[in-house]
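Chains as they are written, first to last, in the UniProt record's numbering: chain A, 1 to 298; chain B, 1 to 1089.
Rather than coming from a laboratory, the hints here were simulated on the basis of the structure. Just so you know, these numbers come straight off a predicted model, no measurement behind them. For every residue, glycine included, the Cβ atom is placed at its ideal position computed from N, Cα and C. Each hint should be verified, as a subset may be incorrect.
Said to hold, decoys possible - Straight-line Cα separation of at most 30 Å, DSS-like style, residue types lysine-lysine; simulated pairs: (1) A:Lys22 to B:Lys81; (2) A:Lys19 to B:Lys304; (3) B:Lys304 to B:Lys24; (4) A:Lys19 to B:Lys252; (5) A:Lys194 to A:Lys132; (6) A:Lys19 to B:Lys399; (7) B:Lys349 to A:Lys215; (8) B:Lys638 to B:Lys702; (9) B:Lys702 to A:Lys22; (10) B:Lys304 to A:Lys76; (11) B:Lys81 to A:Lys144; (12) A:Lys228 to A:Lys204; (13) B:Lys194 to B:Lys108; (14) A:Lys194 to A:Lys180; (15) A:Lys19 to B:Lys349; (16) B:Lys349 to B:Lys638; (17) A:Lys22 to B:Lys349; (18) A:Lys144 to A:Lys180; (19) B:Lys81 to B:Lys91; (20) A:Lys149 to B:Lys304; (21) A:Lys144 to A:Lys215; (22) A:Lys135 to B:Lys304.
Unchecked claim - If you want the footprint, here are the derived chain A segments under chain B, 3+ residues with CB under 8 Å: (23) 101–114; (24) 118–125; (25) 185–194; (26) 246–252.
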Amino acid sequence: MEETSQHCLSRLPDNSALKQQKLPAHRLCFTATRVLSVFFTMATFCLCMGSILIVSARSTQAIEINYTRTCANCAKLRETASNFDKECTCSIPFYLSEKMMGNVYMYYKLQGFHQNLYRYIRSRSNRQLVGKDVKAVEDCSPFKTSNNKTPIVPCGAIANSMFNDTIILSYNINSSVQIKVPMLKTGLTWWTDKYIKFQNPSFKNLADEFRGTTKPPNWPNPIYELDKKDPRNNGFLNEDFIVWMRPAAFPTFKKLYGRLNQTHHFIEGLPAGNYSFNITYNILLSVSFWIENLAVGF
Amino acid sequence: MSNALPQTNTMLFLFQDNRIHTSKYNILTFLPINLFEQFQRVANAYFLCLLILQLIPEISSLTWFTTIVPLVLVITMTAVKDATDDFFRHKSDNQVNNRQSEVLIDSKLQNEKWMNVKVGDIIKLENNQFVAADLLLLSSSEPHGLCYVETAELDGETNLKVRQALSVTSELGADISRLARFDGIVVCEAPNNKLDKFMGILSWKDSKHPLNNEKIILRGCILRNTSWCFGMVIFAGPDTKLMQNSGKTKFKRTSIDRLMNTLVLWIFGFLICLGIILAIGNSIWESQIGDQFRTFLFWNEGEKSSVFSGFLTFWSYIIILNTVVPISLYVSVEVIRLGHSYFINWDRKMYYSRKATPAEARTTTLNEELGQIEYIFSDKTGTLTQNIMTFKRCSINGKIYGEVHDDLGQKMEVTQEKEPVNFSVKSQVGREFQFFDHSLLESIELGDPKVHEFLRLLTLCHTVMSEENSAGELIYQVQSPDEGALVTAARNFGFIFKSRTPETITIEELGTPVTYQLLAILDFNNTRKRMSVIVRNPEGQIKLYSKGADTILFEKLHPSNEDLLSLTSDHLSEFAGEGLRTLAIAYRDLDDKYFKEWHKMLEDANVATEERDERIAGLYEEIERDLMLLGATAVEDKLQEGVIETVTSLSLANIKIWVLTGDKQETAINIGYACNMLTDDMNDVFVIAGNTAIEVREELRKAKENLFGQNSNFSNGHVVGEKKQQLELDSVVEETVTGDYALIINGHSLAHALESDVKNDLLELACMCKTVVCCRVTPLQKAQVVELVKKYRNAVTLAIGDGANDVSMIKSAHIGVGISGQEGLQAVLASDYSFAQFRYLQRLLLVHGRWSYFRMCKFLCYFFYKNFAFTLVHFWFGFFCGFSAQTVYDQWFITLFNIVYTSLPVLAMGIFDQDVSDQNSMDCPQLYRPGQLNLLFNKRRFFICVLHGIYTSFVLFFIPYGAFYNVAGEDGQHISDYQSFAVTMATSLVIVVSVQIRQWQKAQKKAKPLRSRRTRTRRSSSRRSGYAFAHQEGYGELITSGKNMRAKIPPPTSELEKTHYNSTSWIENLCKKTTDTVSSISQDKTVKL
């Protein structure tokens, strides 16, 4: 008898909450008041957030100047592929009716440039960009090596198509005096990009580190000569390069080109008056120039 | 070596050995067959194609391991599961194949494994042994080569059957040397599945002997009441009738599985459409805009036209968009089903403590189908009933005994707490017997002559054999359990049946032994529906004791019984109303002279060559008249616990219950009434019992006319044809019939009704009826009925049974349930679910099934929604990335989205969610309805889910697009880059999708608990039990002939021994009459008066 009862017990399922499907459960109980109160609270919250966003966006000022049309001759020149290394400059004057206060940022905006093409977006070598192995070009097709099999640095379609127009903004204090608006070429990138994702092989002599490699076909200068003025802003750590290497999600995008250095005349921002751009034109596609201040809130 | 078969035969026909295989694979064939089976699943094949596509680098937009790892995982898991299942089948096969039996080898009895038994071997069987193969009975321990077998495993019939060896072979006895020299040749029919037919000829010693079913013991039977017998193997292994009757194991799949297969095809079509749109977009883009990018991004080698680029893009998009139906869907579905199966295994409320049997989900892939059952096919014996007969009530001389009254004089239910009558004072008490009314005992003690006569009748008028076992206890060998119940009851009240010889019956009346001379047994048959004995008591009085169906017996009563008749009649109605099996009891005092005359005429009739049966029947009629009514008995065919509640609740859930039984029509009908499946409130009960196709058709037509009203146009042949066509096209018949009907059909009629041209009539009629009872059906017919409903009604069916005779039905139904804890295991082994009690079916269906269905549907809806929302974002993005098959999300996010990011909430919902508590779903069976109507997941619901998913993906893509279109970070940095966009989308997707899980948890209306228990309705009706004994006709003859008496009984010497029967007549009758036991029931209408 003892044995059989033991046997019975061993086959009797456990009386645990899980096994008997009695786990504690919470059921949302929808009542009109609850649903409506949650609904209206959410609505108020969203409304407030929306208003704040709109107000802050309103307070920014932006001017956009499309220079592809203005620099039509340069654009025409570039249409012939063989002329890609011929220099072409053009100058565009514009008038700033109201002064721009606070931080002023200068962007370039490309229209119809698909940085999000499947083959384009994958055509980069992250191993190369973190400086581990400069000659790692496996993922970079179709820009892996030059014709004589020298690995391209930086390799890949993204790097090859880097935006390399030079834009200089000048402020005309009066009709004869023109001063160059001081622009900072630092602080344009994400922190993670600059300090983690992009690293030079070493800081000593970049030219030596990149020996045995070649520049991308479209580039006029090799990677270690991207910024001739600031030697530290060269190699993979060049900020323009880093900005470009973060591909945009949509075919029309803008990327940060420079920040206003708030000194001398420009302590408060850009004063109203006449300005002009001097552009060394390289790009093929429709490019706009975009100046914006983001003074409030952000 | 005794070999009964000539070589030529062996060459013509390849004999099977006695090994049986129910397993599907062996070690070598496992891999190819299993893989082939698995890749027959649309989904697996689909993923294989995708995998191949992903291996082509030009179009692979996702890395190949995203598909292969889960695919291999799924296939391995399934293969391991199949392998374990098959391993257990091998094990059980081995166990059966290795059973020992004694085989005559080299003139010696040797133990041999079952699988080594060959056709032609001679086997010795002992009492209570399973028969190893289909045998020709040669000889047995009983006189005249008789032996008894229990065939419950085969056909579900519970009474013992008699088999008799040929007289020439029975002489062999247990003489080993003679048996070894036996060299007869058997020529017989080819193996088939007919359990009740056998044709063959034994040629031995230059003479030929015809063989029929009475000489054959089939595999699966158990030898009873026979200490040994010898038999020669005729069919072995797969040729045996048992194996021929077991249907093939089929791969069962749920309707949701099938729907999912269709949906996967639809989705694949949808993907192809999207792919084509995007591919065309890509071609156009490449030719219009792509040119400008050629300097940045050359075309690859060999890929120099926009059309070709479009072609590659098509395949790339197919790969990207395949996440609409991810493999994880299939994995999750399996995991959820597995969880649900474990819940069934773990349910304490389905644990039967008396046999220590928990419920078991033996198949883990059918759970949600449990929530969609429309038809239940139930076996009777062992499933609905316990196969225990108990004496419950009696009415003696107008007084009811056995009712329990409470203090107020109200009838009350017999409960366990009530003190039963203590029989311990009496000797020879059967331990199991319980009776709750003390007044009967009091009446006996007071010496009420009617009561004594009543009990004496029960002790004398039967065909029970008695036997003393080694411990000196009196054991009754009963052929029909009802008689056993009556004799045992009488024994407990002090009237003990001791022993019998062909012409005497010795009983003990309240302690004093009395020997009655048995003058004649007027045996039972189907038209008579009664049996009588004529005995002479020690005082010399001749008495006729008769018991039988009330309808018949009441016509034979003496006119003076009128008052008692009406009283007893009321009592009978009451008994019948409680589902008890009733018998009327009467006696007649006979005049010595009259009896002698009559007996002489009987003798004449017996030796007559012409119209013998008719003359005997006439004589029986003649003497069985002017009977004096004593009373009535009521025997309960004990139902399993909770059957009535279960049946009531299941029919409230709109599940139709069909009873398919091998048992007799009367018994089946009786049980129908006992479990409230048949009620007197029913408008009509149709009985189809025709013996020919024409009769059956006519009966069906009449029933239908009745059903649809006279002015219906069924008599018109043309219209019938039209109707049939329409039926075939549209399997769902409109149920316009109001009122409750029931259909009762027997095996013979069913065989005709299942023929193609009547099939639809039968089905249509049966489906209109609330209850259908099929009696005397063979195992294969059970399966055919199930198939019929499955095929033409498109309904989900469940078959429940406990014996080997239910195996084919269990296998062919969508879901097979086996009653476990019994001796035979075949039903359980073939089943998908097993538990110990019929009543657990209620919980299995209404709670587990409903939950499973509900959870699975919610899970699928949500899963499809989730993945459409997830995947179609790529489509919208295609318009902005030059249709270049760039994904919106990171590769890892795509790989892990279903496995990590959104797996647990939906799995938890799929496994644990409960819309209503188990108590509520038990109390309110109507909640089962949505499952039957397939409301929660169908094509429409799927479509809605997909639309919802498309809408979500649209919003998910375009709101971030608007936000990112012209955005800059607070420090002026550009943040509208691809990576930020991807992360934003992914995050919002996970949030949206996780919050949306609520949406699928629709607040269901709280079910109001109905009355928690339906009170057992007492039927007070005029319905009379058409009860007939459950034993075969011819048994009385067997007793009086003394054939089944042991040899130790001295041969009859009495002068009264005048009844000399032709020595073979009784067994011939036995054979002849079993075939038509089913007829003549139709007159015995049980319709409402």
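The hints, checked one at a time:
1. A:Lys22 to B:Lys81: holds (29 Å)
2. A:Lys19 to B:Lys304: violated (63 Å)
3. B:Lys304 to B:Lys24: violated (54 Å)
4. A:Lys19 to B:Lys252: Roughly 27 Å between the alpha carbons, so the hint for lysine 19 (chain A) and lysine 252 (chain B) holds.
5. A:Lys194 to A:Lys132: Given pair lysine 194 (chain A), lysine 132 (chain A) holds - Cα atoms ~15 Å apart, limit 30 Å.
6. A:Lys19 to B:Lys399: Not satisfied, since the Cα-Cα distance of roughly 53 Å exceeds 30 Å.
7. B:Lys349 to A:Lys215: violated (77 Å)
8. B:Lys638 to B:Lys702: Violated, because 35 Å separates the two Cα atoms, which is more than 30 Å.
9. B:Lys702 to A:Lys22: violated (53 Å)
10. B:Lys304 to A:Lys76: holds (26 Å)
11. B:Lys81 to A:Lys144: violated (50 Å)
12. A:Lys228 to A:Lys204: Distance ~16 Å between lysine 228 (chain A) and lysine 204 (chain A) Cα, so the pair holds.
13. B:Lys194 to B:Lys108: violated (34 Å)
14. A:Lys194 to A:Lys180: holds (28 Å)
15. A:Lys19 to B:Lys349: holds (11 Å)
16. B:Lys349 to B:Lys638: holds (22 Å)
17. A:Lys22 to B:Lys349: holds (13 Å)
18. A:Lys144 to A:Lys180: With Cα atoms ~39 Å apart, lysine 144 (chain A) and lysine 180 (chain A) exceed 30 Å; violated.
19. B:Lys81 to B:Lys91: With a Cα-Cα distance of about 15 Å, the restraint between lysine 81 (chain B) and lysine 91 (chain B) holds, given a limit of 30 Å.
20. A:Lys149 to B:Lys304: Holds, because 23 Å separates the two Cα atoms, which is no more than 30 Å.
21. A:Lys144 to A:Lys215: Satisfied, since the Cα-Cα distance of roughly 11 Å is no more than 30 Å.
22. A:Lys135 to B:Lys304: Distance ~29 Å between lysine 135 (chain A) and lysine 304 (chain B) Cα, so the pair holds.
23. 101–114: holds (count 5)
24. 118–125: holds (count 5)
25. 185–194: holds (count 4)
26. 246–252: holds (count 7)
Checked against the numbered hints given earlier, this structure breaks hints 2, 3, 6, 7, 8, 9, 11, 13 and 18; the rest are met.
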